[in-house]
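Trainee: Sequence:
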Amino acid sequence: MFRAIKNPILLACVFAAASSSQSGPAFRSGVELVVLPCTVVDASGVPVRDLTRDEFRVTDNGVRRIVENLWLDSDAPLTLGVIVDASESQHEQLAEHRQTTLDLLDRILRPGDSIFVVSVNQDIRSWVDVTDSPSTLRKQMAASPGELLGEPCPQHQVLPGVRLTSACGSSPLWNAIYEAARLKLRPRTGNKALLILTDGFDSGSTRSWPQAVQEVQRADATVYAIQYRSKFGGSFAPDLYRLVEAAGGACFRARLVEAAGGACFRAPDGAYGPIVSRIETDLRRRYVLGFRPEKLSGKLRHDVQVEVTRPLLTVRARKTYFEQ
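Mapping of the sequence shown onto the numbering used here: position 14 corresponds to residue 14, and the numbering continues sequentially without gaps.
Take the hints with a grain of salt, since some may be wrong.
In silico DMTMM-like pairs for lysine to aspartate or glutamate, Cα to Cα no more than 20 Å straight-line [stated by the list, open to error]:
1. 139 / 113
2. 231 / 245
3. 231 / 96
4. 139 / 106
5. 231 / 92
6. 139 / 129
7. 139 / 96
Per label pair, the in silico range of CB-to-CB distance [stated by the list, open to error]:
8. 234 / 42: 40 to 46 Å
9. 132 / 242: 19 to 25 Å
10. 300 / 64: 18 to 24 Å
Hints were generated in silico from the structure; no laboratory data involved. Idealized CB from N, CA, C, for every residue including glycine.
The whole structure should be built from the sequences, with the hints applied where relevant.
Mentor: Laid out in structure tokens, this is it:
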């Protein structure tokens, strides 16, 4: 998430309240600070907790910025969205996707957190609306997905007299990510993330994957994905990997999925426990950096890069923020 802080004198108070007041950016004249969360891990994926402010390097639109403030954030309330690919290529994994979602409830969510679930097939539907109730989640996950989410796919007629068919294809994944970010995450405050359970293949979205990731970035959210075996045999899904990287998250391979060019991590035994633990680590043990932006002069998009000087460490952070 990126937040703008207008009065440096108030920084001490803002930092003390950072975990409970994570509003979206509000860039106006006089804005002096951009706030950016990031995760730093070693080669084994273990979070590194002892970095200092001077070990971070930030560039904003190619211009080096000084990291003026640094703190650790582990208590911010979390809104977690789960997108379940329920298309034909994932039909055999649907029961597994449902169980994985319930496992997240037990392993990641704490009191004060919220979760929602979206199903994507030919339609994008709200399976579970935003809730902080475990019983509500379990009850609604036991039923079928409910109302349509976002704009319905346009319909077209192939031949005169033939029934209308969806123009979005059988798995409009980018549309689902776009709508989940726009409608469910952007109105929320705090720590926000999407987890996508999918084979990674989109079919006929009216939104592109860059549009989907831009909406995620506007929502100040991080994206994670668990890639599953496709019924149709494909395992290399480069657009999914690019989306996850641009949103500062990570991709994981479920069991039986072949290596995909190193783009996704695999737990040693293919089990979900280590994957869920790693996602929890990312979301609960983050650095938050404060820096003055390169400039706020009507250039709405800012490309940002975060690095550390200590060797053999990996930084995961969003690549873009927007003036609002």
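Trainee: Does each hint fit the structure? Answer for all of them.
Mentor: Here is what the structure says about each hint:
1. Annotation: proposed proximity of residue 139 to residue 113 holds, straight-line Cα distance about 18 Å (limit 20 Å).
2. Distance check on the hinted pair: residue 231 and residue 245 sit about 25 Å apart at the alpha-carbon level, beyond 20 Å; violated.
3. For the suggested pair residue 231 and residue 96, the alpha carbons sit about 14 Å apart, so the restraint of at most 20 Å is met.
4. Proposed proximity of residue 139 and residue 106 is supported: the alpha carbons are some 15 Å apart, at most 20 Å.
5. Distance hint between residue 231 and residue 92 is fulfilled; the C-alpha atoms sit about 8 Å from each other, no more than 20 Å.
6. Note on residue 139 and residue 129: the hinted pairing holds, with a Cα-Cα distance of about 12 Å set against a maximum of 20 Å.
7. With a C-alpha separation of about 17 Å, the suggested pairing of residue 139 with residue 96 holds against the 20 Å cut-off.
8. Distance hint for residue 234 and residue 42: a CB-CB separation of about 32 Å, inconsistent with the stated range 40 to 46 Å.
9. One distance hint, 19 to 25 Å for the beta-carbon pair residue 132 and residue 242, is violated here, with the actual separation near 32 Å.
10. Evaluation of the 18 to 24 Å hint for residue 300 and residue 64 yields a pass: the beta carbon distance comes to about 21 Å.
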